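Now for the letters of each chain:
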Amino acid sequence: MRVAIFPTCLGDAMFPRAPIATVRLLERLGVEVAFPSAQTCCGQMHLNTGYADDGLDLAATLVDAFAGYDHVVGPSGSCVGSVRHQSADIARRRGRAAFADDLDDLAGRTHELSEFLVDVLDVVDVGAFFPHRVTYHATCHSVRMLGVGDRPTRLLDAVRGLRREPLAASDECCGFGGTFALKNADVSSAMGSDKARHVVNTGAEVLVAGDASCLLHVGGILSRQQAGIRIMHLAEVLASTEDEPALVATP
Amino acid sequence: MTASGRHPGTIGAGEGALHHPDVDFPHAAATALADSQLRANLGHATATIRDKRAAVVAEHPHWHGLRAAGAGIKDDVLARLDVHLEELERQLQAGGATVHWAADATEANTIITELVRATGATEVVKVKSMTTQEVGLNEALAAAGIAAWETDLAELIVQLGDDAPSHILVPAIHRNRAEVRQVFLDHMASAGIAAPADLSDDPAELAAAARTHLRDKFLSAKVAVSGANFAVAETGTLAVVESEGNGRMCLTLPDTLISLVGIEKVVPTWRDLEVFLQTLPRSSTGERMNPYTSFWNGVHPGDGPQDVHVVLLDNGRTDVLADTVARQTLRCIRCSACLNVCPVYERTGGHAYGSVYPGPIGAVLTPQLRGIDTPLDKSLPFASSLCGACEEACPVAIEIPDLLVHLRTKIADEAPRYDLQKAAFKAMKAVLGDPDRLARAERGTAVARRVLSRSGRVAGLPVLPSWTTTRDVPDLPERSFRAWWAARADVDGVDGDAGPCAPGEGS
Ligand code: SF4
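Protein chains in written order, with numbering that gives the first Met the number 0: chain A, 0 to 250; chain B, 0 to 506.
Please note that a few of the clues may not be correct.
Think about it this way: if two alpha-carbon atoms lie no more than 30 Å apart in a straight line, the pair counts; the simulated BS3-like pairs of lysine-lysine are [as the list claims (entries may be wrong)]:
{"hint": "1", "chain 1": "B", "residue 1": "Lys409", "chain 2": "B", "residue 2": "Lys421"}
{"hint": "2", "chain 1": "B", "residue 1": "Lys221", "chain 2": "A", "residue 2": "Lys182"}
{"hint": "3", "chain 1": "A", "residue 1": "Lys182", "chain 2": "B", "residue 2": "Lys425"}
{"hint": "4", "chain 1": "B", "residue 1": "Lys377", "chain 2": "B", "residue 2": "Lys421"}
{"hint": "5", "chain 1": "A", "residue 1": "Lys182", "chain 2": "B", "residue 2": "Lys409"}
{"hint": "6", "chain 1": "B", "residue 1": "Lys377", "chain 2": "B", "residue 2": "Lys409"}
{"hint": "7", "chain 1": "B", "residue 1": "Lys377", "chain 2": "B", "residue 2": "Lys425"}
{"hint": "8", "chain 1": "B", "residue 1": "Lys421", "chain 2": "A", "residue 2": "Lys182"}
{"hint": "9", "chain 1": "B", "residue 1": "Lys425", "chain 2": "B", "residue 2": "Lys409"}
It is worth saying that the hints were derived from the structure and are not from the lab.
Bear in mind that the values here come from a model prediction, so they are computed numbers and not experimental data.
Next comes chain B alone, as it looks inside the complex (with noise of 0.2 Å):
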């Protein structure tokens, strides 16, 4: 249990998933590297929607100026947070919304359930959330005997088969058009209208297969669950920002509509909006402007859904806040930029992280909301080489790299003193921190030198399996650069400690 009393391992990583708890991530990510099929999907994928998102960007005469603002308006959010709640509650509730509190997964799956169960339903249609995700919604749904619906395309194809998303934007960007219809083919019929029995792996065919299922649990449910991409706190108004127009079914059709969002996702003002509705599109489609975006605020009389419900989850979140440091994760507007251009992301695919949020952002997120327990969650900050690409593609600056830098030093900390690891980089630090030490070690590397060179290049060294697998050890060198500019201040005849230019000698 963590401060707040929530029970750690409450970030499910998505229906089917096959992650454990005890795998760390280098394991799952060896499986996923060795897929070839997969390896081809991703990086055909990540690369297109790069380019895309990198030509947006550019072409942006304003994109620093946004990314900063973006940036400001939530870090002035988040330094305020339950004054923006408050006020955000008080304008939902004026506009006939009713507006529950959920501390974590459980209380949210808890208080949906009942909703529903209220309406007498036993199928809800849904449209694409993380965070519904995040809590496990779908199979808490499930347990109660209600069927939960994704509506999004490649939500569906992930549902249809019994697969786990790997991508916050593009949950079935591990799958190709031929795997996709085979899923189509295999299992459209037992979730309600089947597939064509002569379906091809035609785009255009897929799209129109997957349209004329899900128009059936359009015009039939009776209720819908949502996320939220924003909260806009002075009209108690939610957005969903949208590509398929599913979202705007599902919103609009049936008669109780319940939103799930978590607490990070208000904002002030509608002006604030405007940063966000340009980022957002450019970094997560790579298109200047998203097809469908949706507002909506409470009950209107005869038009749309008259039972509306907004539950607004912790579910860690204040755990995140109270760390100063790390607060800057709540930023995070799941554009997915950071998951396109991560080296990592791009080879390993999103189920290695073993969470609904993978990439550089599922590694800083995961384990703060999650708690830091599991050897998957200890390994998630150090899945990353520190290339720093994620943070420059961030909409909202986020420091990625710097707060994995800050989770690995909160690991370090709580480390027992006899962690391997630990002793091994004091002993480094031994050598390393004093100069006499070091340069004897490094007469010693010259010799090691001696004895290794007699057998050529150093390609295999039994302490170092990790590295010389792949890698050749680099030849060592003869002496080092202390040792040459010691010989060298010998022979001039200066001073061989400081060199020809000493601090107070004078220059």
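For reference, chain A alone in the conformation it holds in the complex (with noise of 0.2 Å):
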């Protein structure tokens, strides 16, 4: 079983601990995990902001460099979500049917987190332990793009010592959305000031979430309002045990 990470350039670049806290996770479970390091980015942003030719060629990146890998693992269920549901439509939109196969194809063979571990290693308890409060939001895009259910808090309950606090209206938008919160920064503020209310009311220590992207997003306002609140990505919690605890320290 080849099986690569797909960190996201996001994850790679701003939120690195997602996709390092994945490969250990992995290999903890006994996967051998590559990175084929001509990855960059899915294209996402480009294609939400209309930029379908750029976002396409951004694409591209994924599958030349996921060849031959029989599994493609990512730490987002947005950028997951895009290659899954959106490339290959809009390449054969844009006249490119040759390449909407080859992105088809990739779909076929990527995985967000949480199904990888629950469907393709049928694993719910990964042996992880966290002895801490944590609420979970199903980020958008996990939830109705992908369809990832129950599988999240299926993992999350069965760590050591978790103990999870229901998050009210957890699957509605963090108001984060690529683009959208700089575009519409008023309506955003105002999405993602109402979720980070719903997030401290639960009293839990750390918000988890399965995108790096909405954790930045509702982070950046629990931090300006010092709500002693740490983010955390799911990759990370899972990641974590009693020989090597995740630490968490102050937001």
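Assembly of the complex is requested from the two constituent chains, each provided in isolation within its own frame, with the hints serving as guidance.
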């Protein structure tokens, strides 16, 4: 089984904790992980802003990099969603049919982390230890594009020591939405503030999600409010063990 | 002018609307966001309908099947729209109705104004209809000296208050009952029977005042104007789905009935209604069944309106039809479920969309019907975080996020090369598209971190004010994933490029 990590450009540059934790977790579960370094970005931000050809050119770096791998694992519902449910359709609309077929092929091999663990590796208890109160935000694309369902919460609930506090309106958008956060900054902030309020109301120490982008957005608001709540990617929590615990310091 | 010879700008924002085509969505939204009463009214109202809808959808054993069937029926209709419309026209005429075709809003308004004039009436009663709002019929009739009275309770509130509708189904959703009481007290008298002087804000009292006011209109009106939720081609039957019974009054009491119907409302057979009469009420009001469903075809001597007209409206719909990607927009049955679940709509309300069609469906439909020319219409496809809640709720499975991206692509394609954002995304692509440049940029990030972090948390950056006004910028990482991997590979003595399991090395 040839498995490649897809850290995503955002995870690579801005939130490396998530892909690093993904590698450690998968290796702990006996999976050999490769990082084909020709990959850069899935092109989602370009595609979603209307720059279809530029976005597809970026997605092409993934097609090349992941050729020959059985499984591609990304710790991001959003980027995996773009690969699986968006790029091939757009490629067809731009008249790039052969490339669209390549993207379809890649889509069939690409998994979001919780899907890979539960569906491919068939594990729910990954042997993690994380003695903290957490709450889980179900990111839009993981829920509605990929349909990860309760996979992430089943994984979390199997973590020893972890107490999960229910989050009100947990699958409502945090207001990030890529360029939406900049183009419609006021509406985005209103959505993010409501999300942050729900998070604070849980009393959790840690906000967990499967997308670095949403975490950085809500985390930015929580940090501005000095809310004292840390953000962590699902992969970081699952990578934490008694021997190598993830540190929960000040946010 | 568009290909169909239509002047853009024919979709109104409703009577009394303050919208201006030069005010884009973000600016209009800022005004709405600052109105705490509006936020409270909207938050409460959308949450209530959302929960009701969720419950009656969840209990239905075949919801996914119904949704797929609804989408399928509409797609089949749209693929052969001409054939179904001709059949509808034949059957309507056979039943004694007169059929008119209107290419755009102006034509529709002219036809209807002339029809009313011919009766000699100076007043008409109206059944709630999005299509008549779309063409600005009330304003056109008023210009011809004809008063058009809305008879749906919420439309009445909007009309009396000289306000603009902000929701497809609940046009006065932005008003609470105290505000409604004030509107009735201030404005009912000048429009007909006055509200009682001691009117309270008790919903039952408010409804009773409206009933007294409206009954007088129903009994005196000679002409009614309606839309239609569905038009059944095989029998030439129109259908209106409603909750208050005002529709049935309008459809049965007057001598003349004029219905303005979008060409996408046609369904081939009565059997098709089986699907929509289940999905529409559950999606719109969160009821298993709506209280009043009225059907009529043609003229029946001595029973109901004796002069029946149907105006079939294009107004940009054939342009939408011609775009094979966006065509599914025309599946819409105007249930408004997408508005109620939309986190953007919930916070801004409908007025910011500057159209009688607000919310997610408005963000895709309005620019297509009106043309993507003004700052407002160019901003509408971006008025979404693409969270997908609308598509999930839509009873005809319209892929709204996908259509928003499609429209964004049209806008980007048409933008000049010197467009700032276009240039910025090109520059970004140059870095993101090349692993070596990306790695260099990431090393630059690490340097920036050392500089910035001396001042601690990155709270304000002059280059990103729209982010940092409300949100901290994340702490920049010490090193990128790429750098971590390379360093680890060096230590492990494996090929840093492909890792321990490069393709071709076996595993
Ligand atoms: S787009 Fe779908 S959910 Fe929205 S109003 Fe139309 S039918 Fe209803």
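Hint consistency between Lys182 (chain A) and Lys425 (chain B) [alpha-carbon to alpha-carbon, up to 30 Å] = holds (18 Å)
Straight-line alpha-carbon gap Lys377 (chain B) to Lys421 (chain B), limit 30 Å | holds (15 Å)
Verify the proposed pairing of Lys425 (chain B) with Lys409 (chain B), using a straight-line Cα cut of 30 Å.
-> holds (17 Å)
Pairwise hint evaluation, Lys421 (chain B) against Lys409 (chain B), where the allowed Cα distance is 30 Å at most = holds (13 Å)
Take the C-alpha atoms of Lys182 (chain A) and Lys409 (chain B), compute the straight-line distance between them, and say whether it is at most 30 Å.
-> holds (18 Å)
Lys221 (chain B) paired with Lys182 (chain A) [C-alpha distance capped at 30 Å] | violated (50 Å)
For the pair supplied as a hint, Lys421 (chain B) and Lys182 (chain A), confirm whether the alpha-carbon distance does not exceed 30 Å.
-> holds (14 Å)
Restraint status (C-alpha distance of Lys377 (chain B) to Lys425 (chain B) at most 30 Å) = holds (20 Å)
Given the hinted pair Lys377 (chain B) and Lys409 (chain B), is their alpha-carbon gap at most 30 Å?
-> At roughly 10 Å apart (the allowed maximum being 30 Å), Lys409 (chain B) and Lys377 (chain B) satisfy the hint.
Comparing the model with each earlier hint shows a violation of hint 2 alone; every other hint is respected.
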